[in-house]
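*Asks:* Please model the entire structure based on the sequences and the hints provided.
Start counting the sequence shown at 647; every next residue gets the next number (my numbering).
Worth flagging that the hints you see were computed from the coordinates, not collected in a lab. Each hint should be verified, as a subset may be incorrect.
Subject to a maximum C-alpha distance of 16 Å in a straight line, what follows is the list of computed EDC-like cross-link-like pairs (lysine to aspartate or glutamate) [to be verified]:
hint, residue 1, residue 2
1, LYS678, GLU695
2, LYS785, GLU772
3, LYS765, GLU804
4, LYS785, GLU804
5, LYS800, ASP720
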Amino acid sequence: YKRQVLRVARPEEKEIAINVPEGQVGGLRSAKTMWVTLWARPELRLPAELRELAPAADAATRTYTARIRLRASDPAVGLGMTARVSVQPAAADETLVVPLTAVVDQGAGPAVWVVTDDKARRRPVEIRQYREDGAVLAKGVQAGELVVTVGAHKLVAEQPVRPIVQENPAAEKPL
Numbered sequence: 647y648k649r650q651v652l653r654v655a656r657p658e659e660k661e662i663a664i665n666v667p668e669g670q671v672g673g674l675r676s677a678k679t680m681w682v683t684l685w686a687r688p689e690l691r692l693p694a695e696l697r698e699l700a701p702a703a704d705a706a707t708r709t710y711t712a713r714i715r716l717r718a719s720d721p722a723v724g725l726g727m728t729a730r731v732s733v734q735p736a737a738a739d740e741t742l743v744v745p746l747t748a749v750v751d752q753g754a755g756p757a758v759w760v761v762t763d764d765k766a767r768r769r770p771v772e773i774r775q776y777r778e779d780g781a782v783l784a785k786g787v788q789a790g791e792l793v794v795t796v797g798a799h800k801l802v803a804e805q806p807v808r809p810i811v812q813e814n815p816a817a818e819k820p821l
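*Replies:* So, in structure tokens, the structure goes:
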């Protein structure tokens with residue numbers, strides 16, 4: 647039976663402890679940039695970096711404990727404050743993630759429907775990883791191509807479609 651009787655804090659080195667779902671561990675490891683915002687001071691955006699990531703998930707929560715270190719000391723950050731950690735994914739993840747609803751598999755392997763000349767064309771894809779927010783594609787779609795994300799399972803080759811384009815606001819993703 648162990649009990650913690652003392653905790654030592656170094657006020658000049660602040661860090662944030664977070665629990666990361668399994669599907670977001672890869673994005674955290676390969677993050678291009680990382681920053682912290684305080685709930686008490688949301689206008690502050692403090693640069694941060696991954697200091698430590700647990701090698702195994704917690705048995706009860708199935709999440710990985712991560713420690714995020716602030717790169718610079720800021721007097722606004724106090725011990726015990728609540729913070730939000732955000733990451734900007736590596737370039738490959740930013741441009742090659744499609745919603746799970748866009749991926750279809752009718753027995754010939756995973757594919758997406760790409761809109762060219764207002765017609766749907768099936769395009770085989772290679773999926774690197776499935777995540778909560780979509781499928782990370784290794785091959786098959788280029789940045790800027792229109793991909794059908796709603797009703798993809800009902801399309802047939804060369805079917806006329808009318809694209810409704812919505813921008814993806816997720817250039818940065820909070821954890």
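*Asks:* Work down the list of hints and note, for each, if the structure agrees.
*Replies:* Status of the hints after comparison with the structure:
1. LYS678 x GLU695: Measuring from Cα to Cα gives roughly 10 Å; hence the hint holds.
2. LYS785 x GLU772: holds, 5 Å
3. LYS765 x GLU804: holds, 5 Å
4. LYS785 x GLU804: violated, 22 Å
5. LYS800 x ASP720: Violated, at about 54 Å.
Figure legend: structure checked against the earlier numbered hints; hints not met, in rising order: 4, 5.
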